[in-house]
Amino acid sequence: MNKSSSITTGGTFRFGLLLLAMPLLLWLFLLVILPHVDLFLVSMRERISYGKYEFSLINYIEFFAEPLYWNTYVRTAVMSIFATALTLIIGFPVSYYIAKVMRGKGKNVLFLMCLIPFWVSELVRTFGWMILLRESGVISNFLQWAGLADGPVEMLYNDAAIMVGLVYTSMLFMVVPLVSVLDSLDDSLIEAGYDLGGNAFTVTRDIVIPHAMPGIASGCIVVFMLTLGNYLTPNLLGGKDSLWFTEQIYTQFITRFNWESGSAFGFLLLILSSVIAWVGLKLSKQTLSETVG
Amino acid sequence: MADQFDLECRNVVKTFDDFTAVNDISLAIPKGSFFSILGPSGCGKTTLLRMLAGFQAPTSGDILIKGSSVLGVPPNRRPVNMVFQHLALFPMMNVAENVAYGLKRRGVDKQTIAKKVNETLARVGLPDAGPKQVNQLSGGQKQRIAIARCLVLDPAVLLLDEPLGALDLKLREHMKVELKQLQHEIGTTFVYITHDQSEALVMSDQVAVMNAGRFEQVGAPQDLYYNPKTAFVAGFVGESNRWTGTIGSGDDNKVEVILPTGGKVLAKRDVHMPLVEGQNVEIFVRPEAIAIDGACGAENTISAKVENVLFNGAASSLQVRDVATGHEMTVALPQTGAYASVRAGDEITLGWTVENTRCFAANQSGAWA
Numbered sequence: 118m119n120k121s122s123s124i125t126t127g128g129t130f131r132f133g134l135l136l137l138a139m140p141l142l143l144w145l146f147l148l149v150i151l152p153h154v155d156l157f158l159v160s161m162r163e164r165i166s167y168g169k170y171e172f173s174l175i176n177y178i179e180f181f182a183e184p185l186y187w188n189t190y191v192r193t194a195v196m197s198i199f200a201t202a203l204t205l206i207i208g209f210p211v212s213y214y215i216a217k218v219m220r221g222k223g224k225n226v227l228f229l230m231c232l233i234p235f236w237v238s239e240l241v242r243t244f245g246w247m248i249l250l251r252e253s254g255v256i257s258n259f260l261q262w263a264g265l266a267d268g269p270v271e272m273l274y275n276d277a278a279i280m281v282g283l284v285y286t287s288m289l290f291m292v293v294p295l296v297s298v299l300d301s302l303d304d305s306l307i308e309a310g311y312d313l314g315g316n317a318f319t320v321t322r323d324i325v326i327p328h329a330m331p332g333i334a335s336g337c338i339v340v341f342m343l344t345l346g347n348y349l350t351p352n353l354l355g356g357k358d359s360l361w362f363t364e365q366i367y368t369q370f371i372t373r374f375n376w377e378s379g380s381a382f383g384f385l386l387l388i389l390s391s392v393i394a395w396v397g398l399k400l401s402k403q404t405l406s407e408t409v410g
Numbered sequence: 002m003a004d005q006f007d008l009e010c011r012n013v014v015k016t017f018d019d020f021t022a023v024n025d026i027s028l029a030i031p032k033g034s035f036f037s038i039l040g041p042s043g044c045g046k047t048t049l050l051r052m053l054a055g056f057q058a059p060t061s062g063d064i065l066i067k068g069s070s071v072l073g074v075p076p077n078r079r080p081v082n083m084v085f086q087h088l089a090l091f092p093m094m095n096v097a098e099n100v101a102y103g104l105k106r107r108g109v110d111k112q113t114i115a116k117k118v119n120e121t122l123a124r125v126g127l128p129d130a131g132p133k134q135v136n137q138l139s140g141g142q143k144q145r146i147a148i149a150r151c152l153v154l155d156p157a158v159l160l161l162d163e164p165l166g167a168l169d170l171k172l173r174e175h176m177k178v179e180l181k182q183l184q185h186e187i188g189t190t191f192v193y194i195t196h197d198q199s200e201a202l203v204m205s206d207q208v209a210v211m212n213a214g215r216f217e218q219v220g221a222p223q224d225l226y227y228n229p230k231t232a233f234v235a236g237f238v239g240e241s242n243r244w245t246g247t248i249g250s251g252d253d254n255k256v257e258v259i260l261p262t263g264g265k266v267l268a269k270r271d272v273h274m275p276l277v278e279g280q281n282v283e284i285f286v287r288p289e290a291i292a293i294d295g296a297c298g299a300e301n302t303i304s305a306k307v308e309n310v311l312f313n314g315a316a317s318s319l320q321v322r323d324v325a326t327g328h329e330m331t332v333a334l335p336q337t338g339a340y341a342s343v344r345a346g347d348e349i350t351l352g353w354t355v356e357n358t359r360c361f362a363a364n365q366s367g368a369w370a
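Taken in sequence, the protein lines are chains A and B. According to the working numbering, the stretch in the first sequence is residues 118 to 410, in order. According to the working numbering, the stretch in the second sequence is residues 2 to 370, in order.
Isolated chain B (complex conformation) (with noise of 0.2 Å):
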């Protein structure tokens, strides 16, 4: 039963003195899977991972890989990999001294660690670079030496630690897509830590997004996007219009949410989520789910004045603000080249169904950044 995850965490907390830096995190990954962990700088998952290699020891709860306890087992012990997030390669050995590394610390004889590492470098695609120095490699070329470095010891879990960072931006565009694949092909199961979330959609097939030590939801990419169970979620994954109001009146489907400028949302009412009358709540809607115009049996509609037009594509935009209310948002320009021609100063309809409007309870804590 246990075996068929690779990775487990059972409650485990970490504190610091009197600061929680990772709290009660319960989490099992299937094995073969690309499992990432999304939050915000400071939430803990740097911490959460440092402790899967071993480098800190929980303050309490348990971490399985492969079904046994590795509490106590030192990093050098633990069938996990880790890639830094400066890759730390060291440069005082060439790329084939620095794949082999790992295999001689297990003893393993020359023919076979030259066997290895050359089949290794050929699965990332650089059959050539062993003898290269460190410091001659691209930024994508030291990422796949790092991770080369990491599967030549078949991992049972290979960690990754925001890897991506220091890329350019086209370049990480592109090392995500390779990632996916390179992960796919030999399966082995990854656990990716990032605080972007683009990166963690486009490559997991589960994403628990974190915050304040916690986790606030796991899920394929779909699940976070589409269904958010939290406000923080729905705020921290894709981009959201967000109001601030009080539930009004409401029946089972839906509710109205009173805007404190004046306005009314129409929100749907979520099964899981009691809301009551007067409560404080957050609504998000998303840019692309907002229709230009064109109010087809949309429930809420505003009209709203265009302040600025930003055009990037595929990926347009419109800021606007509502000409009641004063509420500025953001609403994406169809893919298909319509309303091309809509210009700053220019006053258009908008309007969103009641099935795109979620609505959350106030985030007490006001951790959400």
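Looking at chain A on its own, in the form it has when it is part of the complex (with noise of 0.2 Å):
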């Protein structure tokens, strides 16, 4: 942790710059790192008797020889992926709208507009889509007032309210990123589009979607992750047969009490969500530092 630097410029100095460094450190080190390390020991080991623990790889054998483990982990990946798309295209003229239509207060006012759903936590958001889809839920006791069902529809627990879940909680996170880098967008470049001759479609994918990639690469990178990581909208909405990636790691730690094959998949999300990360950078020709920064 005590880097010794090439420039000495006095102990007290540096001493200095450690302790302003400290809480990163400190936070980077015990809950970042050393959990990590432990969850990677944890996974690479097998319980042969009571208190008795060796090396091996069995855990990650396991979730290539079970097709259901692996299936669920792609379709995971997949959903997500779909999931961060949907978001952006929705996200997307949204932001612009936000960012460059809107002119004074109905800027902020819209701005605020998405915010506000987010200032109650996730769980109660989700269930007030289920209130909206279940059997007996507001939906279903419209369709079937205005005579265009039969009876109660059940719109609940299938993978089109997964989506619809996972888009509505992740749209901050995309628009966010969105408005700020189109309102960096100087509004005579796209004036200039048009006066040389472009239409509505050849501005935009000439002019406002490269100027907004890192925008858009940072706000489907956090989507992704979070959408991949999250347990609680595909488990309400999805039910039981939700097959999400999470679920298993949740029943591998509860409900079977191995620790070892839930460490080896919490490992695998996290090289699942680095790589999909690393694809979609170098896919859209950006650096992470460019789009963090």
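FYI, nobody ran anything at the bench for these hints, they're computed from the structure. Model, not experiment: these values are computed from the prediction. Heads up, some of the hints might be wrong.
Label pairs and their in silico Cβ distance ranges [what the hints assert, rightly or not]:
| # | chain 1 | residue 1 | chain 2 | residue 2 | range |
| --- | --- | --- | --- | --- | --- |
| 1 | B | Met93 | A | Ala263 | 48 to 58 Å |
| 2 | A | Trp395 | B | Asp63 | 56 to 66 Å |
| 3 | B | Asp63 | A | Ala317 | 18 to 28 Å |
| 4 | A | Pro184 | B | Lys116 | 52 to 62 Å |
| 5 | A | Lys222 | B | Asp63 | 29 to 39 Å |
| 6 | A | Lys222 | B | Ala363 | 36 to 46 Å |
| 7 | B | Gln137 | A | Asp358 | 50 to 60 Å |
| 8 | B | Lys32 | A | Asp300 | 36 to 46 Å |
| 9 | B | Ser139 | A | Trp236 | 46 to 56 Å |
| 10 | A | Phe130 | B | Ser139 | 38 to 48 Å |
Computed far set for chain B versus chain A, every beta-carbon distance over 10 Å [stated by the list, open to error]:
| # | residue |
| --- | --- |
| 11 | Asn82 |
| 12 | Met83 |
| 13 | Asn95 |
| 14 | Arg107 |
| 15 | Ser318 |
Ideal Cβ placement from N, Cα and C applies to all residues, glycine included.
Put the two chains together into one complex; each comes in its own frame, and the hints tell you how they fit.
In structure tokens form, the structure reads like this:
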């Protein structure tokens, strides 16, 4: 931790710097690095008998041997990518409208309206969706009242319900970076695009989106990671068959009390999110520092 | 008949709520000329330009490009292109892509685009700039690329919105000459918006002086300078000493103006300007029209005390105060270097002719800034 620097500017200075960095270093070490190292070590052992463990790759082998596990794993990844794409498609026009079309007070009001749902917990918001979508819920009753359905309609416990919940939960994390990046786009660039013969489509494709790319990338990474690691929404809106990978981890730790297997799954999820984020950055030709900074 | 004008405005009005930004403007710009619109900030010149480009629609009136009305034609279909105030080069593209942008939108094939881009870059003197990134260019180079990006499309009219504003003084002086030359070579009609009178005077064939949404005067730069038609033009174009006073006695050629401080100045009577005794007027005298000591037939003579010598090479001047009235004046020093020995505190005699003293009815609106 006390890395020796080639530039010696006096012990006091270095001590001060260390003191300033201490909260960050402690946080990183105690809450990020240490648990992960431990998790890794746990995942690499096998329980032989009571209190006896041996080094083994059995937990990882089990994951690949059991189709349910890696099917869930792939399904979670694909659904998360889809949810991220959907959030982007819905969030981009919203952000463009807030950043470029609205002026003055209306802009702040709209932005606040995106923020307001986040004043209550995710649990409450998800229950809100359940009230709307369940068999005896608002939409089902409305459809029956309007004569469009003969009996109660169940809209919960399917993939579409999961998707709705995930997109709703993630929207703010897409809109915030997009609004800030679009705000920084000079209006005259858009006007110049039109002046030189562009139409709405080509100006968006050639000028607005390339400019917004860092915001798009950072929004997508945040939304993707939140979605991939989400437990509550898939579980509540998707029910028992939602097959989300976080549920597998939960089952391993809590139901089966198999910490070794749960740790391995946790690590696999970490690898998955890192790899997909990395591929996403490569595909969009962005760098991590550019996206975060 | 209409074909000889690249751009025409007929009684164009633009109002925002209860504010009139552009008030009944008519103009006709002949083919291939360099036309400037000169005015202080907030006079409506940018609004006018944006209407020409198509970003705003006039409240009433008509805009014609090459003889046909473009009302309701969106900016991307008008045969005009605009050089923006901050140039608005696309930072996500390199120089060649910036120049090629408009051609691509027209669906021109790749070979022709490459050829035209190279030709245009050569025309603005940057033949090797194509692969460069926009942020690698200097201010003056960016300027030329912004113009090249428009010229490659062969617009009927090129609109320029104070494009020199962001440059430093030396480069601005240089670009003025360069723009003028470029316009002369390519022969495209330029409409240039500026608040800087020297830009307008140096570059233009015709200048329209705009104030509070109206054209005060349209004419050649020399015309505006030597024969201003309104007090605003006299005060805005070039340096002037300015007094306010009331009309006293006079004849067909000259009038006597009585200053509130008690002095009297003889001013030329303009045939177009009805002036009656007792009327409030403003009078203007150019600093270079005032002769020091050599009262060679000057009708107006005063003695003044030098307060400051502002040496600036050929543009040197004296700040003096009229001994009798206490009025402050600026007097240009002759470029020959005569009177180089004048120091602050000296008392000198100043004289100027009736011919060089312009008299206008006082501006009622008080919008003169």
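Checked hints:
1. Met93/B with Ala263/A: 48 to 58 Å: This hint holds: roughly 49 Å between Cβ atoms.
2. Trp395/A with Asp63/B: 56 to 66 Å: 58 Å, holds
3. Asp63/B with Ala317/A: 18 to 28 Å: 27 Å, holds
4. Pro184/A with Lys116/B: 52 to 62 Å: The hinted range 52 to 62 Å holds for Pro184/A and Lys116/B, with Cβ atoms some 60 Å apart.
5. Lys222/A with Asp63/B: 29 to 39 Å: Holds: the Cβ-Cβ distance is about 36 Å, inside 29 to 39 Å.
6. Lys222/A with Ala363/B: 36 to 46 Å: 42 Å, holds
7. Gln137/B with Asp358/A: 50 to 60 Å: The hinted range 50 to 60 Å holds for Gln137/B and Asp358/A, with Cβ atoms some 57 Å apart.
8. Lys32/B with Asp300/A: 36 to 46 Å: 42 Å, holds
9. Ser139/B with Trp236/A: 46 to 56 Å: Given range 46 to 56 Å: holds, Cβ gap about 50 Å.
10. Phe130/A with Ser139/B: 38 to 48 Å: 40 Å, holds
11. Asn82: Non-interface label fails for Asn82/B: nearest chain A Cβ at 6 Å, not farther than 10 Å.
12. Met83: The assertion about Met83/B is violated, with a minimum of 5 Å to chain A.
13. Asn95: 12 Å, holds
14. Arg107: 6 Å, violated
15. Ser318: 39 Å, holds
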